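A.B. asks: Build out the structure end to end from the sequences listed, making use of the hints.
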Amino acid sequence: MKTLYTPAPWVFEESTRTIRSKPGNYWVASIDSWEGAINHEANACLIATAPELLNALTTAEDFMSGFEGDAAQEGMDKKLAQIRTVIAKARGQS
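Positions in the sequence shown are counted from 1; adding 17 to them yields the working numbering.
Incorrect hints may appear among the rest.
Unchecked claim - Once the Cα atoms are required to be at most 25 Å apart in a straight line, the calculated PhoX-like pairs of lysine-lysine come out as:
#, residue 1, residue 2
1, Lys106, Lys95
2, Lys19, Lys106
3, Lys39, Lys19
4, Lys96, Lys106
Since the hints were made in silico from the structure, they are not lab data.
Given the structure is predicted, the values throughout are model-derived calculations rather than measurements.
C.D. replies: Quick look at the structure:
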């Protein structure tokens, strides 16, 4: 599947409160919050990690799909459905 978002890696630059792609230095997002907010950096780190999280989740889905329908893997189908829903959401498909 073709990636439509700005390629990883993304980094958070505290000085400008922006998330940028490296290499290329493309602006991805701006993190705005009120002065003294304790969670803006944590939010920025989570957002900056999004492409890597999606890649890891896709890898897990590929691996887990090999066990789909296996009666010995209780709950696998439900977990795969949840993973696939999140992947589709991240790709703008839901």
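A.B. asks: Which of the numbered hints above does this structure break?
C.D. replies: none
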